[in-house]
Every structure is written in C-alpha cells, then in structure tokens.
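Protein chains in written order, with this note's numbering: chain A, 2 to 351; chain B, 18 to 361.
Everything labelled a hint here was simulated from the structure, so no lab data went into it.
What you were told as hints is all true, and nothing was included just to trick you.
Derived pair list, reagent style EDC-like, types lysine to aspartate or glutamate, alpha-carbon separation capped at 20 angstroms:
#, chain 1, residue 1, chain 2, residue 2
1, A, Lys242, A, Glu265
2, A, Lys233, A, Asp270
3, A, Lys117, B, Asp266
4, B, Lys195, A, Glu100
5, B, Lys275, B, Glu263
6, A, Lys117, B, Asp258
7, B, Lys275, A, Asp105
8, A, Lys34, A, Asp243
9, A, Lys102, B, Glu263
10, A, Lys11, A, Glu89
11, A, Lys318, A, Glu303
12, B, Lys278, A, Glu139
13, A, Lys102, B, Asp266
14, A, Lys162, B, Glu357
15, B, Lys278, A, Glu143
16, A, Lys242, A, Asp227
17, A, Lys162, B, Asp356
18, A, Lys242, A, Asp270
19, B, Lys31, B, Asp71
Label-pair distances were calculated between CB atoms; the ranges are:
#, chain 1, residue 1, chain 2, residue 2, range
20, B, Asp260, A, Val339, 40 to 46 angstroms
21, B, Leu210, A, Ile81, 37 to 43 angstroms
22, A, Gly138, B, Ile137, 33 to 39 angstroms
23, B, Leu256, A, Ile81, 18 to 24 angstroms
24, A, Gly12, B, Ser196, 31 to 37 angstroms
25, A, Asp236, B, Asp260, 25 to 31 angstroms
26, B, Leu256, A, Pro262, 40 to 46 angstroms
27, B, Leu213, A, Glu89, 54 to 60 angstroms
28, A, Ile81, B, Pro68, 55 to 61 angstroms
29, A, Gly159, B, Gln140, 32 to 38 angstroms
30, A, His226, B, Val338, 56 to 62 angstroms
31, A, Thr85, B, Ile204, 33 to 39 angstroms
32, B, Ser196, A, Ile81, 16 to 22 angstroms
33, A, Gly12, B, Leu210, 52 to 58 angstroms
Predicted model only: the values in this text are computed from it and were never measured.
Positions of the beta carbon are idealized from the N, C-alpha and C atoms, including for glycine.
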Amino acid sequence: MTTQPLVSIKGLYKIFGGNPQSVLPQVLKGMGKAELLEKHQHVLGLRDINVDMREGEITVIMGLSGSGKSTLIRHLNRLIEPTTGSIEVRGEDVLTYGEEKLRDLRRNLMSMVFQKFALLPHRTVEENAAMAREVRGETQAERLAEGRKWLERVGLGGFEKRYPHQLSGGMQQRVGIARALASDSPIMLMDEAFSALDPLIRTDMQDLLLELQKDLHKTIIFITHDLDEALKLADHLVILKDGYVVQQGEPQHILLNPNDPYIEDFVSDINRARVLRVRSVMQPINGQTDFAGVVDADDNLEHLIGLSGGDTYRTYKVQSNGEDVGALDMKALVRALVPAAASDSSTRRS
Amino acid sequence: MATYDWIFNTLGLKDWCDGGATGNKTLSLSEMLAQAKGETVQTPWYETPFPSLDALNAACPTVARTRDMTSGVENGFLAAKDSLKFVLDPITQPLSWLLDGSLWLFLAIPWFILIPLLVIGTQFAVRKWAITALVLFTFLFLAFIDHYSFAIETLSIIFVCTFLCVLFGVPIGIMMSKSDRTQKAIIPVLDMLQTLPSFVYLIPLIFLFSVTESKLYGIAIILYAIVPIVRLTDLGIRLVDRDVTEAADAFGMTFRQKLFKVEIPLALPNIMAGLNQTIMMSLAMVVIASLVSAPGLGVLVLRGIRNLELGVGLVSGFCIVLLAVLLDRVSKAALARADESTHH
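Excised from the complex, chain A in its bound form (with noise of 0.2 angstroms):
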C-alpha cells in the first residue's frame, strides 16, 4: 500500500459568502468558523483539508451533515470552486485546468453518484447508464450496448427499457453506478450514494459496490454519514467535522486509537465485534506452539467468539494467504469489544 496517490488534496479552503478572498488572512491564522460567521458573515466551508486517495482504494469521507464533506467531493470534479488549496490528480493541479481540460477530466477521469439519483427522467434506463458516453460523442448503438452491459453487470438486466420513475429507489440508484462505471473512468465520487435507501438495500448496494470493486479496483471516495457503512467500506477512513479533517487512516485503527472525544462517540456506538478483524487485534507469535486452531486475519471478532463458543482460555494461530503472521488470545479480544474510553473511566457512557 505505498502506492503513488492518485489524487491528492493539499491545504484546501473553501469560504462562503460575499468575498472570501478578503477573509482568507484571517481563516489561514486559524480563525473558526462561529468567530468567522459572528464577525465577517462568512460561512468556512472547509479548513486546510489534506487527503491522498490512493489508487484502487476505497476512501470514505464520514461527517454528520454540515460537515463539509458532500462539499469536499465536489471540489474534486470543480462543481464547487475552492478559496485556496490544491487538488492533484496524478500529479497535475486541476484547479489550473481551463475550460476544455475540465470537461475531460469529468468526462474521462471522473464520473460521480448521487445521493437522489439524479437521472434523467425522460430517458429510458439504458440512455441513462449511456448518458456518459453519450457526452463524450459516441454513436448510438455503441453506447447503448456498453450501457446494457453494466446495467447487466449491476443486476439490471431487462430494465433496459423501462423509465427511472418506474424503478424502485435501489434499482434507481443501480442505474446511476451503471451510468458511472460506464463512463470508464479511473475515478468514482460516490455522494451518499446510499444514503437515501432504506437499510437492507443499503447492505444489498455495499455488497454490490464491494463485489464491483474487487474485480474493477477503481479509485472510489465515497461519502457518508454512516459510520457503520464506512467501516464496512473504507480502505481509508477521513473523518470530517465542521469542515476540517479530524482523523483519517486505517479504519481498524481509527476505531480502536480514536484521538478525539467527537470521534469516541461516534464509535462507542456500534458493534465492534462485526466491524473489527483479527488483524487488528492479534499480537505476534511468540513462541506458543498451543492453538486452539487457525483463523483468517481477515475474519471478525463475531465469527471468532462463535467458534471459540464463548471460552476466553483460547488461543488461535492467525493466517494470512497461507502463512502464520500472528496469535490471537481470546482475553485480548474480549478488551478490543470495549471501547478505550469506556474501559478508562466506567462513568462516561455516551
């Protein structure tokens, strides 16, 4: 993983209002945003974001609303323009690009998802999913079977025909991955792709995404405001709060070292025991030779407690393609089950 970042977002700013650029001084001395508001009626946006998104990884952008993120994604494709920063993709600044080389990025490099689908209601399902190379100039029969074929691909097939208004909000919204991926491009901006479908098709949408992902390895950031569905999804994890970057890495150690009351909170709530792997709490071998038996660093906490039906005396060799690269006691993981916090001081309880 220490691939070259694909793209990369250096110092970015973004403020609203009638003239940020006279504000800017102020924001970089470190001005907040209730001080920013009360005295210039400036809303900041974003606060010196830096991220790398690196290639064929997942990167989930997590804040509640308000926090910037649905405006971070759209500074990537420049539907929103920042107040000062950078964002490189592959290495050149697109915030340079003119006109012309702005198009091609959106039409090449990037495609994106919406939160509210945002297909084209007077389009059958298959001009939908063609509609990025419909853009780009292709000929109709051209882009109309490559939108067939990703349609089939997400689990559409035989819908071609029908209108987005006739679909359900799953399959809405299975249309708007098919119309990105159709498009080809390396890059995928995911905004609350998932956001607006109830729970089951939400898990349905992951799994879909996850399946698609392993054999396409794009780049994707996607947005959300779900913690549970960013663990499940993120290879990295930016944690966003009132438009700047709280905590960002490997989700696993996001959870179990939170460096911020706001972010204990978010994860005191949910089931660490599905969410965590044994990767992340197993320790090194060494020199126990007693195993209970081999599981998967990949495997959870979940599928470890039922296998080990309960019995914390267990010890279990841990493997990885094949190879020993651990153990895992049982004690260790019964602490992991616990938030740091809460094994601090027994009074805070969110």
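Put chain B on the given structure of chain A with help from the hints.
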C-alpha cells in the same frame, strides 16, 4: 386671480410668468360667468385645487398645461417616427410577407383538402380521438354556416404569430433563466406588455405603419402574446431539478448539451403551458386587431358592433369561442403528452 398666484409672487417670478403669457388664457365657465358679472371668483377653501399643471398655469401662464404636455409627447413621437420607421420598416417587412403568404396559402387550399389536413395533423399531435373529432366537427360546422374562410383567416394569423412568439420567446426565456441580471431587465418589459391595455398597442403602431400593412396587427399580436411563453420558459428552466443539472455538469456536458439534452426536455411541460397561453392570447388579440384591418372572425364582430347587427356579432362571437375551445383542447392535449414523456 388664481389660487396659486401667491407661490409665484412670493418666489418673485411674476415677471417671468407675465413674459411667457400667451394671451389667449383659457377661462373656466365659472370664471367667465364671474367676468361677465364683473366680479372675481373667490374659491372656497374646501375647493382648493391640487397644484396641477392646469392650476399652476392659471396662476402663471408660462407653466405648461397638461394639454401642452400630451401634445408634446405626440410631437416627440411624431418627430422620432420617421427615423423609427426607417429602422423598423425593413426589419418587420418579413412579418408582412409571412402573414400575407400564410393567409394566401390557407385560402388557396380547397376546404376538402385543408379540413382533412388539419384533422390528421391534430390526430398526429395529440393522439386522442375525442379531440380529433372535436376539430373535425368544429370545422364542418363553421363551413356549414359559411364562416369557414373567416375562421381560417383567424387561424392562419394565429399560426404565424404563435410560431414567431415561440421563435423569439423561447430563446429570450432561456437567456433570462441563465442570468439573473437579464431576468431583472426583461421582467419589467414583460409586465408592461402584459398590463398595457390592448388598444394602447395599436395607437403608436398606427402611426408607425400604414393601416393597410398586415405587419401592423402582426406586431400587436406578437407583443401581446409573447409574454407567457417567455415567462414560462424562464420558469421551466429554472425549475429543472438542480441535482440533474449537477449530474449533467459532473459528466462533462457542454452548455449546449445540457440545454438541449437536459434542460429543455425537462422544462418542456412548462414551455408547452406557455405555448397554450400564447395561443389563447393571440386569439384574443386577433379579434381586437380587426380594428386595424386584421381579417378573420374579428371583422364580423366589428361589423356587428358598428352596424348593430346583433345576429352577425353573436354568431361570429360564438365561432370565436368554438375556435378558442378547439385551440385550447388541442394544445392542452399536446401539453399532456409532453408531461407524460418527462414523468413529473
């Protein structure tokens, strides 16, 4: 002795006033009576006139009367008229050709071809048998009572004017929707066109163009009927779902692609509603425009009024209503089809 003498006296403008005296000072009836009796009228306090131009003129003849002002406007218009005409005449000439050509064409096609053509055209546009039947029977009825050619003339004028309204109105509406500044500049003009009494359109036009030219009524109708299609095009495009236009941008559509593939199709129901209003308003105006020699059913209405031929007026009025119902139903059915295709 006028009420406002004191103003000019206190301001020391007496000399200026007397210098401008025209001599033929007009007197009101009561003033004349008083003069005849040899006394000055004392206006009671509760009848103190508003210090209007006329009242001030009574005190100081140099001040212009309202009558002078209106004739000033008239003279100003007449002075500008020639240069205006020089510019406008050639520009609007094609309108005359269009109107005359279309009238000629509609009247040249024999009824047994034109009626089926209209019926087939309707069926093609709306795909509703009831409405197609309405069109057929309306024209058969009009022809039966010998109002066919009048109705066809009216229809021809409406077709041409509506076509031009769409041709100019839709682009204007699109420009308005794209720029708040353009919208702010155009809305007062639209408000004015919509609220000016329809007869007022005709007055300056009569001076500009000769009454025998068909563009005279053409311009009057277009100015009157273009408003709704402009407004509703603007509204329709502004109402297009922001998420969808954002998606269009995100996939790298050009301005044109966005306009023709996303915005206009999604605004179509509103644009069609504007078209319906435009058609109805041109029908309303084409009747009034018969005052300035627009042919058609309006001529019969005018005859009914002028000669007090009650029957002629009533029957032609009924025919206009029939035509209105027909145009409304056809355009609404076309609108419903547009609606259906965008699924709102």
